[in-house]
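Asker: Protein sequences, first through last, are from chains A and B. The C-terminal position of the first sequence is numbered 59 in my numbering, with every residue numbered one higher than the one before it. The C-terminal position of the second sequence is numbered 686 in my numbering, with every residue numbered one higher than the one before it.
Some hints could be false.
Using C-beta positions, here's what the derived DEER-type ranges look like [said to hold, decoys possible]:
(1) A:56 to B:324: 49 to 57 angstroms
(2) A:45 to B:352: 50 to 58 angstroms
(3) B:401 to A:20: 52 to 60 angstroms
(4) A:34 to B:530: 53 to 61 angstroms
(5) A:36 to B:242: 42 to 50 angstroms
(6) A:10 to B:515: 40 to 48 angstroms
(7) B:185 to A:34: 50 to 58 angstroms
(8) A:-3 to B:112: 33 to 41 angstroms
Everything labelled a hint here was simulated from the structure, so no lab data went into it. All values reported here derive from a predicted model rather than from experimental measurement. Using N, Cα and C, we set each Cβ at its ideal position, and we do this for glycine too.
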Amino acid sequence: MANLAKPMSVEKVPVAGVCPECGAHALKRYEALSAGGWFQVVKCQDCLASVERKPWKRLGYVDRGHVDVILNARKAAKP
Amino acid sequence: MSGKIIAVDVGGTFTDVVAVEDGRITTAKVATIPASSDKSVLAGARALGVSDASVFNLASTAGLNAVLTRRLPKVGFLTTMGHRDILDRGSLVRPLEAITDPTWRRNFGDAGGRPIIPRYLRRGVKERLNAQGEVFVPLDEAQAREEIELLKRCNVQGVAICLLHAHRNDVHEQRLRELVLEILGDLPCSISSETSALIREFHRASTTVMDVLMKNIYGDYTKRLQKGLDEVGFKGEFNYSDCSANLLPSDYAMQRPYQLLMGGPAGGAVSAAHFGGVIGDNNLLCADVGGTSTDISVIVEGVPWSAPTFELEHDLVVSATSINIVTLGAGGGSIVMATPEGDIATGPDSCGAEPGPACYGDGGIRPAVTDAALAIGILTPGGFLGGKKRLHPDLAMKAFESLDTPLPLAQRIRYGWNMAINNIAEGLLNISIGRGIDPRDFSLVACGAAGPMILPCLLDQFPIRRVIVPPYPGLFSALGLISTDRVYSDHRGHYMVLDGRSAPLLNRMYSAMEARLREKVGADQPGLRVLRTFDARFLGQSWETPLIEAPAGEIDEAAIQTMIENFRTTYEKLNANRFDNLPVEAVTYRVQLVLPAAKVTYPAAESAGPPQPIGETTLRYLYDEPRRAFEYDREQLGIGAAIAGPAVIREETSTTFVPDGRTATVGGHREIIIQ
Ligand SMILES: [Zn+2]
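So here's chain A without its partners, still in its complex pose:
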């Protein structure tokens, strides 16, 4: 079951290399939700140029654990 006590935040993982657009050493990999759905991206944290962008899991961070939490909560609410 998902740990609801710990608030969720996106973890940005540093990636080696320089930004091809501005030359900064500031590339990071993380997940982003946009109009086209969830993507895993590598972006320069300095200029925000998108270096890599590929589709990620359809529901993003939502997994079976979250679904269970919701279902259990509904079950508990019923008399």
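Please arrange chain B with the ligand on chain A, whose structure you already have, making use of the hints.
Answerer: The following block gives chain B with the ligand in isolation, referenced to the frame of chain A:
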């Protein structure tokens, strides 16, 4: 103005060149080098002796092609903090094909080639003007510098600046440009208050971005051309053609080069308008049939239909007064194909310049409309491009045989040809009826290399008065560059309900624009005309009726009344109602200074006795049985010559087909009239 005038029109396959001297027209065609079209321009100019010419006019498609293929320089975009997605948001209108498609999605952010500047190069600046143009949040220069420094690290080659409400007050845009030039050095930088001081931030932003892109592209292009022209000793004036096919001196054009984006296609329309004036026919539909497409324009009472903006692609808008051109995907290179059901369809796919139609023998295996014309016998193997290109009927037939359909060969060819004509007829009908024009009152000007061959057949399908084939139909668009005037123009946007109280402000705006333009043009130019127009709407409407005439001189209360009356009259013509009780709100104001330029003259035709055929051809497939048709040489036809169809009239760059039951007559200026 006297001396030789040279005009160059760059097309996808060929660059057309015409020279006019003492009323004599000479022509040349050179192959277009798409990657560096300036080289083909110079080659064409040299072919007709540009060194002793006094004027050199150019319609260039270099900018348009760069945008359509996205081969663009890297530029930055600065805007009011929180509004960097102006370009993304666009006009919020879905494209027509998406209206019935629920899965259609706008491309956002970093995906899909739109908007034209990627998000990381669009940066917000802390500042804000209110709608009256007063400073609401002062410009945060330190923050602006940081953003510009970032653009510097990204090696941008130009910067477009568009701030909210800057059309009312340019103070922040001017200061930002100073900072850009200070930090980035001398590079192209366009500000919206100068480029396109109009209401509506998306249109303003989009136009400003196009402007800075074009400054990049045309800046070097113009330098290379000027150098090439200098080398051959050309000392005359060098003009570009803009979206209305007006001529702009090259140095002036470089101040707002976004106006050059649609310089090519407008040529045919002004050429038709000018030629219509010569032969006394002012209501025209002009169809320029090229290899892949047909450009259609409408000329009413001698004036081409125009619009204040055009869209290059969906939500890629440029605010420039431009001649309305509707492009149909039908031309000499349109592919004839078998549908899955075994029917015959023609276009919109095209064989393009390479490999070209099957009959060129350059590797094409799918039949095109040109192949059908050859199979029918309208074209003959040796009679293409003045005999410079041989056509191969066997390859054309083979291409038709390869179609996967149970239809016999004769029907494949006949249907393919008729479908091509039908596509153009349908397009013309939509355009004319859609604009409230009765085509029965209009003549159809057939130009482009394939126009005179295909369009006369429309007479059987489309209720048009007659078809006119002008002299030099294959170079008609290039002749448009010698059929027009030099124009200096300016515009401003400002919401204003028209009544007596608006007179002083309106007067200041018009006279300031006019004074600035007069300064550029120089004092006392002979024949100078000043044209004022405005776009307006009824108060509460959200769209304007564009390009309404405004009176010259001082704008006083009486002048305002004239403007209101002009608006209501125009509105009534278009929409059948004048709403005398509704107030009128003006939105955009334009001034044009028109300097007459030397124009091509079409010499009067001479008489040459009854027409003598130069040969005979057999028309197959087109009618129920083969028909003999006489062939004529256009050069030998004199005024009044009448030819009964079916017949074929040949000239170096084009072939005119006179269908069965129609008559071709040669008019006073060597035009062929088919009715
Ligand atoms: Zn970067």
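Asker: All hints, please: hold or fail.
Answerer: Hint check:
{"no.": "1", "hint": "A:56 to B:324: 49 to 57 angstroms", "in the structure": "54 angstroms, holds"}
{"no.": "2", "hint": "A:45 to B:352: 50 to 58 angstroms", "in the structure": "53 angstroms, holds"}
{"no.": "3", "hint": "B:401 to A:20: 52 to 60 angstroms", "in the structure": "58 angstroms, holds"}
{"no.": "4", "hint": "A:34 to B:530: 53 to 61 angstroms", "in the structure": "56 angstroms, holds"}
{"no.": "5", "hint": "A:36 to B:242: 42 to 50 angstroms", "in the structure": "57 angstroms, violated"}
{"no.": "6", "hint": "A:10 to B:515: 40 to 48 angstroms", "in the structure": "58 angstroms, violated"}
{"no.": "7", "hint": "B:185 to A:34: 50 to 58 angstroms", "in the structure": "43 angstroms, violated"}
{"no.": "8", "hint": "A:-3 to B:112: 33 to 41 angstroms", "in the structure": "40 angstroms, holds"}
When the structure is compared with the earlier hints, violations turn up for hints 5, 6 and 7 and for no others.
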